[in-house]
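Engineer: Spelled out from the first residue to the last, the chains are:
Number of protein chains: 2
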Amino acid sequence: MTEKTGRLEQIHDFLLFADRFKQIVRQNYLTDGSRRETDAEHTWHMALYALLLKDELGFDVDIGRTLALILVHDLVEIFAGDTFAYDDAAMADQAAREDEAAKRLFAMLPPDLRDRVDGWWREFEEGRTNEARFARALDRLQAFGQNVVSGGKSWREHGVTRTRTFRRMNEALECDPAIRALVERLYARADVEGSWTPEPA
Amino acid sequence: MTEKTGRLEQIHDFLLFADRFKQIVRQNYLTDGSRRETDAEHTWHMALYALLLKDELGFDVDIGRTLALILVHDLVEIFAGDTFAYDDAAMADQAAREDEAAKRLFAMLPPDLRDRVDGWWREFEEGRTNEARFARALDRLQAFGQNVVSGGKSWREHGVTRTRTFRRMNEALECDPAIRALVERLYARADVEGSWTPEPA
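Quick note, the sequences are listed as chains A and B, same order.
For reference, each letter of the first sequence is one residue, going 104 to 304 in my numbering.
For reference, each letter of the second sequence is one residue, going 104 to 304 in my numbering.
Worth flagging that the hints you see were computed from the coordinates, not collected in a lab.
One or more of the hints may lead you astray.
One copy or two, it doesn't matter: identical chains are merged, so the pair holds either way.
Capping the alpha-carbon separation at 25 Å, the derived lysine to any residue pairs in SDA-like fashion look like this [said to hold, decoys possible]:
1. K107 / R225
2. K256 / R207
3. K256 / T186
4. K206 / T186
5. K206 / A192
6. K157 / K256
Please work from the sequences and hints to get the whole structure.
Structural biologist: Structure, rendered in structure tokens:
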């Protein structure tokens, strides 16, 4: 086996292994409420959001880089599992669990690609570049849209109130006026449809 | 409502509607054979293939454009349904059905975005640019990998022989030496594991 072939096969083995991402189930439902969506479905959807919203922003993004961040942003959940955004206990050690998972998962790639994928994942996590800010806002906007259009099914199951969603949605609201307009539109729809768990008295 | 808001909401409505792509089920199984994969999962996986294999090719591709082609390449199946690659009857009128679906689906977007998405979809279908050739080869490589690693489950269900797969895989074999090496590796594995339906005598 040549060195070039060994490298190719290592990348291919990683790609075949990454199939497991389709078995990680999120809390969000499909918009018709029929079942929860998988990480792979969520990620494809976020990527489509990026492609169709990038020119509506008040700042520039490199779309190739944005899509790279999105495509790998949840990949560590193959080992770390999905952490529900409103599960405070699980959120507390999420960073440590995911860091460990990233080391294990990305080490399956040749070193240069390992470093590149790890770099995309960390750039998304840190949320400092324009591409990462946009991608993070879309992560929230996509999930919020699924929750609102499915009538708040996942929120009601977990007792999530309107107030509690603000903590999570703030990053999307502050990213850009276009994203803010869409998030506010979704809040207005959820208000009309009464999709929230009532606030504690 | 301002013109800008109307445009944004139109794009957002399309993105929420595109959730239906997660309900289009393909013939291919997940690698563990537990269930078939959805169009959204297949598309995410192809996009990851593109991201990790683009620098292994003997020709240059614009990764942002490649990913755009991939992200929308099967979107018309929301209306036209999945056409199994080895179903000759369905393949015969596939182009006409998908063209009709494209008109209906992409018309939901503002005209400039409608034309852009339609252009990406047609570029993929025509397969002439480097990006489209690469994306089409990955469409075949990803599906072939799912079939081989799941032990040929979908092929056996549909009586697909080794010979019949060549017609479909030829485009991937001829795209680039790196892709060819990976396809040949999968053929070798399927041969060892005996995953094919026997050839007619």
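Engineer: Next step is simple, just say for each hint if it's right about the structure.
Structural biologist: Tested hints:
no. : hint        : in the structure
1   : K107 / R225 : neither (28 Å within a copy, 34 Å between copies)
2   : K256 / R207 : neither (34 Å within a copy, 30 Å between copies)
3   : K256 / T186 : within (18 Å within a copy, 33 Å between copies)
4   : K206 / T186 : within (18 Å within a copy, 39 Å between copies)
5   : K206 / A192 : within (23 Å within a copy, 48 Å between copies)
6   : K157 / K256 : neither (29 Å within a copy, 40 Å between copies)
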